[in-house]
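Novice: Take a look at the letters that make up each chain.
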Amino acid sequence: MPITHAVEKISYPDCEGDVLKVRGLHFSYPDGHAALRGISFHLCSGDKVALVGPNGAGKSTLMLHLNGILQGRGEVEIGGLRLTRDNLPLIRSMVGLVFQNPDDQLFSPTVFEDVAFGPLHMGLPEAEVRARVDSALEAVRMTAYKERLSHHLSVGEKKRIAIATVLSMNPSILVLDEPSAGLDPRARRTLINLLRELPITMLVSTHDMRLVQELFPRTIVMDDGNIVADDLTMNILEDAELLSAHGLEKP
Amino acid sequence: MPITHAVEKISYPDCEGDVLKVRGLHFSYPDGHAALRGISFHLCSGDKVALVGPNGAGKSTLMLHLNGILQGRGEVEIGGLRLTRDNLPLIRSMVGLVFQNPDDQLFSPTVFEDVAFGPLHMGLPEAEVRARVDSALEAVRMTAYKERLSHHLSVGEKKRIAIATVLSMNPSILVLDEPSAGLDPRARRTLINLLRELPITMLVSTHDMRLVQELFPRTIVMDDGNIVADDLTMNILEDAELLSAHGLEKP
Amino acid sequence: MLYFPVEPMHIPNDYLSLAVSLVCWAVSVIVLRTAISRTNKSLGERQVPLMGVMAAFIFAAQMINFPVLGGTSGHLLGGVLAAVMLGPWAGMLAMTAVIAVQGLLFQDGGLIVMGANILNMGLLTCAIGYGLYRAVLGKSPAVKLAVIGFAAWLSVMAGALFVALQIWLSGNAELRIIVPAMLFVHAFIGLGEALITVAAVTFIMRTRPDLLAESPESSRGGRGWIFAGVLTSLVVLLLSPLASTNPDGLERVASDLGLTHTAQPAAFQVIPDYTIPFLGNTPVSTILAGAVGVIVVLAIIFITGRSLQNKKPNS
Amino acid sequence: MHSDAFDRYHHHESPLHRLDPRIKVVTVVGFILSNALLPDGAWSAFALTWLFIFLLNALSELGLGYTFRRSFIALPFALAAVTVLFSIPGNALFQFHFMMWDFTVSDAGLLRFVSIVIRSWLSVQAAILLAAVTRFPDLIHAFEHLRVPAILTTIIAFLYRYLFVLTDEVMRLLRARQSRSAAAAGQKSGGGVLWRAKVSGNMAGQLFLRSYERSDRIHNAMLARGYAGHLRTLNPHELHGRDWAYAAVAFLFILAMQFVGRF
Ligand SMILES: Nc1ncnc2c1ncn2[C@@H]1O[C@H](COP(=O)(O)OP(=O)(O)OP(=O)(O)O)[C@@H](O)[C@H]1O
Ligand SMILES: Nc1ncnc2c1ncn2[C@@H]1O[C@H](COP(=O)(O)OP(=O)(O)OP(=O)(O)O)[C@@H](O)[C@H]1O
Ligand SMILES: [Mg+2]
Ligand SMILES: [Mg+2]
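Residue numbers (my numbering), protein chains in the order written: chain V, 0 to 250; chain D, 0 to 250; chain Z, 41 to 355; chain H, 31 to 293.
Hints are supplied without guarantee of correctness; some may be wrong.
Said to hold, decoys possible - From the derived model, a few chain V residues whose C-beta atoms are all more than 12 Å from chain D:
| # | residue |
| --- | --- |
| 1 | G31 |
| 2 | V51 |
| 3 | G55 |
| 4 | A56 |
| 5 | I68 |
| 6 | G71 |
| 7 | A138 |
| 8 | S153 |
| 9 | S171 |
| 10 | A228 |
| 11 | D229 |
Unchecked claim - Here are the simulated lysine to aspartate or glutamate pairs, EDC-like style, with alpha carbons at most 20 Å apart:
| # | chain 1 | residue 1 | chain 2 | residue 2 |
| --- | --- | --- | --- | --- |
| 12 | V | K249 | D | E213 |
| 13 | H | K218 | D | E125 |
| 14 | H | K218 | D | E127 |
| 15 | V | K145 | H | D273 |
| 16 | D | K249 | V | E213 |
| 17 | D | K47 | D | D230 |
| 18 | V | K47 | V | E76 |
| 19 | V | K249 | D | E248 |
| 20 | D | K145 | D | E156 |
| 21 | V | K157 | V | E177 |
| 22 | V | K47 | V | D230 |
| 23 | H | K218 | D | D85 |
Don't read these hints as lab results, they were simulated from the structure.
Think of the CB as a built atom: it goes at the ideal place given N, C-alpha and C, for glycine as much as any other residue.
Whenever a hint applies, use it, and build me the whole structure from the sequences.
Specialist: Okay, here's the thing in structure tokens:
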């Protein structure tokens with residue numbers, strides 16, 4: 000059942016973007032294709048925001064900018080820290096980016112090694128690494144899978160481990176690219192519950208409008224490299240014209 | 000908007016399975032996992048049937064039996080012809096199987112070459128091959144894409160080309176494995192319209208219950224290698240107990 | 041079964057004498073050592089996942105077959121494709137990883153003879169493939185494809201020839217039989233290799249020409265590869281007919297070089313595989329020789345490992 | 031779909047499973063080397079070695095005949111050694127003529143042939159056992175500790191991980207081709223050999239591009255988690271007393287076999 004959010008619970012926009020601030024971000028791929036054409040928005044601590052838009056809108060491209068894998072023209076600020084080449088490692092520990100396909104995210108042979116990858120590369124001591132792995136797996140309820148081989152997991156399990164791989168870095172913001180694609184209804188439901196419970200700021204790109212309705216108080220709509228709307232989800236879902244203009248549908 | 004089917008339009012079950020008949024199909028994978036445990040059902044000419052069930056129910060495995068890629072114990076009859084090793088190539092020209100991921104279906108550099116593969120393999124003369132390719136692309140409205148490189152198309156476009164690759168073989172039944180996965184709402188809508196218009200018998204596996212409701216008068220529910228229900232979609236969607244028992248959800 | 045060994049070229053353990061196996065290990069280790077230090081030096085940080093995934097690609101691509109005649113089918117070995125697409129050093133490492141996993145996980149080729157398998161299927165194929173390709177780098181696509189096709193065919197022949205020679209040097213086959221037999225069979229297998237490789241490269245030229253861009257960065261190979269590739273090719277092209285038509289000549293050369301004994305009635309019979317001269321052909325001598333060989337190879341591997349370890353910053 | 035068929039590891043809690051992977055690798059290599067050093071016709075040593083493997087099978091909880099059954103997949107390779115039959119001079123057992131060659135099978139050749147096949151077969155069983163009781167990632171760790179260069183072990187680790195993903199992809203490509211390999215009634219189908227080869231090449235090219243682009247995405251995922259050019263791992267392995275004890279037993283056994291085989 001879709002949950003409709005009581006309006007008083009919504010905290011938008013009541014901050015200056017203490018977690019994430021993006022200003023005038025432009026980016027073109029080497030082949031000249033302009034994928035971002037001046038993106039500006041911000042996220043506040045505790046925000047759970049959906050990012051929607053048709054295929055090719057630039058959602059994934061934007062997400063790759065948030066931890067400096069791509070670097071365009073414009074400003075990205077994480078936790079008040081301007082993203083530059085020097086503080087990349089620090090920024091990457093603050094932004095937990097989860098890719099659409101868990102097979103791209105889980106590149107180590109075992110679950111433990113994958114979840115430990117981030118903390119290890121932050122140079123944490125061994126005991127701390129182990130503690131982080133345990134609590135990340137705990138958070139996604141996959142503790143029993145620690146010694147399993149990644150390729151043996153089902154898609155839904157892989158998705159959860161993929162989220163654990165970034166949780167273990169204690170990020171201050173979680174960025175998920177199409178987390179529900181390819182999941183069956185049960186696995187999708189498990190994921191939704193997990194996302195609802197995680198007490199962390201998140202930006203989630205998706206084509207699943209029911210997921211948007213159920214989970215995210217606020218929605219950003221992108222099309223053709225621009226942000227065309229940034230509003231309460233309930234307002235956006237009521238705006239039939241906006242939806243159809245950008246290839247979206249009401250759930 | 001979901002379309003509710005007027006009951007008088009529904010032609011189930013009014014035939015003896017003139018297009019497809021499956022009786023007592025059992026199959027175990029080499030590792031011993033029993034994926035099909037006695038499947039029986041039939042399709043009539045013009046039927047459009049949804050195949051639903053949780054991950055691992057055996058939907059894909061069943062589909063791979065319909066044109067003899069896998070061969071289990073039991074009987075499969077296509078158009079009155081019993082599937083045996085000898086008539087495999089003939090059967091394959093009658094059953095058009097489209098896989099979930101269009102990338103798996105498209106292995107040639109250009110759209111033309113991919114759509115022409117089936118007819119060429121059947122040894123048809125060149126003029127006939129060209130005619131078939133043209134009409135298949137026409138049917139999925141992708142005529143303009145004939146000389147494009149498959150690799151560069153969007154997912155939605157690839158999906159349609161994947162369907163064209165089997166339409167060019169003039170199949171008498173279309174078998175689609177999760178056709179709507181990964182599509183954005185617009186592409187999904189286009190696909191739904193295409194499927195609705197194609198005047199051909201089809202069996203479609205999917206996790207997308209809204210698609211089921213909109214498009215298919217009849218639904219087969221599988222779980223754990225068995226068919227647990229085979230009925231009018233409207234009846235199935237009303238049966239909350241059945242749905243929840245098999246990890247499904249009402250749209 | 042999903043995994044099927046595709047080439048009759050993986051030598052199992054014990055089909056080569058210990059001496060031949062160890063020499064092949066030594067050669068492979070030396071070449072790989074260079075490959076490793078070259079790729080380490082030129083290593084863009086993205087090379088690590090690239091080479092790993094490409095190795096998996098080669099493994100998977102070897103499963104793509106096409107029916108030829110009466111139930112037989114053509115397959116890809118992949119050495120030339122790897123070398124052309126990744127450059128010679130990275131190609132060699134990827135092929136080595138593939139052969140190692142096939143040996144370790146699937147017992148397709150033994151541990152002791154793995155050096156020989158790496159040499160035959162990984163190093164030779166990449167050297168020929170990249171060397172010949174490098175020679176026509178600036179030429180038209182048609183010329184490039186023709187050369188790639190020829191290199192692919194030749195790489196299979198080279199592998200087959202070396203397998204034959206190694207078996208012969210191990211005293212397990214007559215030159216006059218094994219060489220023509222291996223070459224004959226692989227002349228056809230090589231055609232399949234050539235066709236698939238050319239079609240695959242054509243596909244890539246059409247869809248992602250940027251991947252074949254003409255920028256021989258340092259991770260790819262310098263002009264020296266032309267020399268290496270042409271030389272290897274010439275060896276194969278000259279040695280094959282010689283070994284098939286005039287095995288006696290080759291046997292004489294081998295015995296002159298001390299590789300085989302002529303004292304025996306049949307020239308091909310015994311090789312001094314693992315015996316130590318002054319102890320004669322006694323069991324003790326054999327054991328000692330084996331032990332010496334093992335120690336030498338372990339020492340080479342150890343020293344290689346050490347020198348590489350020292351070069352890398354601690355991580 | 032999955033390629034679990036690739037998995038050679040079988041999970042149990044046996045003493046062999048618990049051994050340190052380094053010890054397992056070293057003793058298996060020693061064992062295989064020892065086989066190679068056994069002279070032709072060392073029947074009693076061959077038999078004892080086989081018994082030893084039998085014993086290890088029992089220890090591994092895989093079932094007594096596990097490696098024995100599995101080893102048959104390697105048997106076709108015995109054909110490769112057939113040439114040995116004709117290559118060793120000795121008392122002729124029988125002769126035949128084939129194409130332009132005369133072949134003589136000698137007693138010495140037969141002895142050599144049988145010995146090679148047995149040795150190879152014993153070695154294969156040892157390798158099968160190693161793969162069955164050691165998880166592949168642990169095997170890779172072991173090789174890392176045994177000073178195989180890090181770049182090679184890393185490539186192999188990635189290869190192992192993506193082996194499953196990419197072979198699944200190949201299987202699906204092959205199935206797609208298979209399912210469109212149709213025929214019209216009463217017509218010859220299949221196309222020419224050249225065309226078929228080209229289709230296979232296209233599939234290889236297709237797979238290459240996808241693998242290449244995937245490696246890009248993986249690299250991004252690694253960057254996102256702090257990778258800066260050097261891989262770090264925790265070492266989960268420690269050598270215990272039982273590891274040394276097992277190593278000692280295995281070493282003594284190998285020595286004993288060399289003695290039995292020769293005198
Ligand atoms: N590596 C690349 N080189 C060139 N163009 C690219 C590249 N990656 C993406 N693009 C293009 O940039 C645009 C934005 O792509 P992006 O992947 O960000 O879209 P998206 O909103 O994530 O779409 P989807 O919903 O399909 O994931 C698209 O037009 C795409 O074709
Ligand atoms: N190649 C294989 N080897 C062994 N078991 C397999 C193989 N392919 C599938 N299975 C198993 O067979 C069962 C049925 O799988 P199948 O792919 O048919 O399910 P499905 O209903 O299509 O699921 P999904 O909705 O996830 O596509 C599953 O338990 C699966 O794990
Ligand atoms: Mg995207
Ligand atoms: Mg399926």
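Novice: Straight-line Cα separation of V:K157 and V:E177 no greater than 20 Å?
Specialist: It holds: about 14 Å lies between the C-alpha atoms, which stays within 20 Å.
Novice: Quickly compare the C-alpha distance for V:K47 and V:D230 to 20 Å and report which way the hint goes.
Specialist: holds (12 Å)
Novice: A cut-off of 12 Å on Cβ-Cβ distance, and V:G55 was said to be off the interface with chain D. Does that hold?
Specialist: violated (7 Å)
Novice: Is the hinted pair V:K145 and H:D273 satisfied, with a Cα-Cα distance of at most 20 Å?
Specialist: Violated. V:K145 to H:D273 sits at ~24 Å, over the 20 Å cutoff.
Novice: Measure nothing beyond the straight line between the CA atoms of D:K249 and V:E213; if it is 20 Å or shorter, mark the hint as holding.
Specialist: holds (15 Å)
Novice: Test the statement that V:G31 is away from the interface with chain D: the closest C-beta pair must be farther apart than 12 Å.
Specialist: holds (15 Å)
Novice: Beyond 12 Å from chain D, beta-carbon-wise, is V:A138?
Specialist: With a cut-off of 12 Å, V:A138 remains clear of chain D, as the shortest Cβ separation is near 23 Å.
Novice: Taking the closest pair, is the beta carbon of V:D229 still more than 12 Å from chain D?
Specialist: holds (19 Å)
Novice: Take a quick look at whether H:K218 and D:D85 sit within 20 Å of each other, Cα to Cα.
Specialist: holds (13 Å)
Novice: Quick one, are H:K218 and D:E127 close enough, alpha carbons at most 20 Å?
Specialist: Measuring from Cα to Cα gives roughly 15 Å; hence the hint holds.
Novice: With the threshold set at 20 Å, check whether the alpha-carbon distance from H:K218 to D:E125 stays at or below it.
Specialist: holds (15 Å)
Novice: According to the definition I'm using, a residue is off the interface if its beta carbon is farther than 12 Å from all beta carbons of the partner; does V:S171 meet that for chain D?
Specialist: Holds, since 30 Å exceeds 12 Å.
Going down the numbered hints, you'll see the structure goes against 2, 3, 4, 8 and 15, while the others check out.
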